[in-house]
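Here are the chains, one letter per residue:
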Amino acid sequence: MNKLTTFALMTVLATSAFAHSPVDHTTPENGATITEVPPEISFNFANDIRLTRVDMHHQDHPSVRLDLGDQTSFDRVFTLPLEGMGKGTYRIEWRGLGSDGHAMQGEFSFTVE
Amino acid sequence: MPDIWGIAAIFAKLTLYFGVVGSTGLVIILAAFPNLVLPLCRRIKAKAVVLAGLAIFAAVFGFMLRGAALTGGADGMTDPEMLGLLWQTPVGDVLVYRVVGVAILIAGMFIPRFGTWVSLAGGTIALWSFAKIGHVPDLQQTGIRLLLLLHLLGIAFWIGILGPLRNLSRLPEHLDDAALLGHRFGQAAAVIVPVLILAGLLMAWLLLGDLRALLSTGYGQTLLIKLVLVGAILILAAANKLRFVPAMQAGDSKAAQHLARSIEIETAVILVVLAATATLTSVQTLPN
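Residue numbers (UniProt numbering), protein chains in the order written: chain L, 1 to 113; chain D, 1 to 288.
Quick caveat, the hints were computed from the structure, so don't treat them as lab data.
Cross-link-like lysine to aspartate or glutamate pairs, in silico, DMTMM-like; alpha carbons within 25 Å at most:
#1 D:K132 x L:D75
#2 D:K132 x L:D100
#3 D:K132 x L:D48
#4 D:K254 x D:D176
Please build the complete structure, drawing on both the sequences and the hints.
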């Protein structure tokens, strides 16, 4: 019985698709290849969101938490200054709160050659 | 696959469902069949209080987990900025409904005479919180919210009967009471269960909008698992109503043992149904 319950629970948990990530587009775009490190990155969301945390990952450096500055209210557009780490792939991970109380998360990446 | 905070949120939600629906269900049974469950009255009240305590813990812990989801780390669970942010959203409102409602339910269990009705009001307030936030309330229709409340009250009634009926069936000296309780519940269920299913299907149709989404999306697949399990529960319930309870009414004490066993299996399946629901309401995104 316990095994059956555990199995069923795992099946339920394993079903795909999760998280609400209503990000419309980002600058640079997800998957873009560019020649210079951009001085800033921006997010455009479909609905109002309050960004709560943005982390930048680069293959050659430890991860950095990006400063949200005074962008601490619900909005659709956020622009954050970026610290250049040279060539390579940058992965930006973000988390935020929708005005309906839903926690949201997502990520995008771009490559500097 | 959800991250660690998503999985923790599912378990907190599952505990919350179990606590709120379980305690409210026991109160409904106390109100609906006061004489039949008299031998178990104290035990039922104690269980309701424990389940209600579990519900408060799960509501607060679930709220804190949402803070963790905002920062991606355990620090978010106690981060005043994150919790303050959440407090201003509907998430804060429903926390108040749940804690206040469940606290009223607990208080009612200690009040003589009218206490059960006070508890019932508290339980209904706590159940109403589920109609204040989530995918169904997002449809912004009061009728649908009332439908969800009705659905939840029906489920609470059903879950509420399981413990007392099982315990009464295990007491040979109360075989007649157990048989009568099973019979009365069966009569009520004949009306409530079809309404419960219709309400569930109507909400599913409103949320999915398209039958194909049942197979092609994570939300639909989880809902499908839930529906299949509910089907299994219905088969068990039908066996209880049509076979074991009539046999108990005829004085067959072995049937009472079968009924108790059947209820235990039913409880385990219901737990999985609640887990599927917690997944649907915590981490799954609607198809459209």
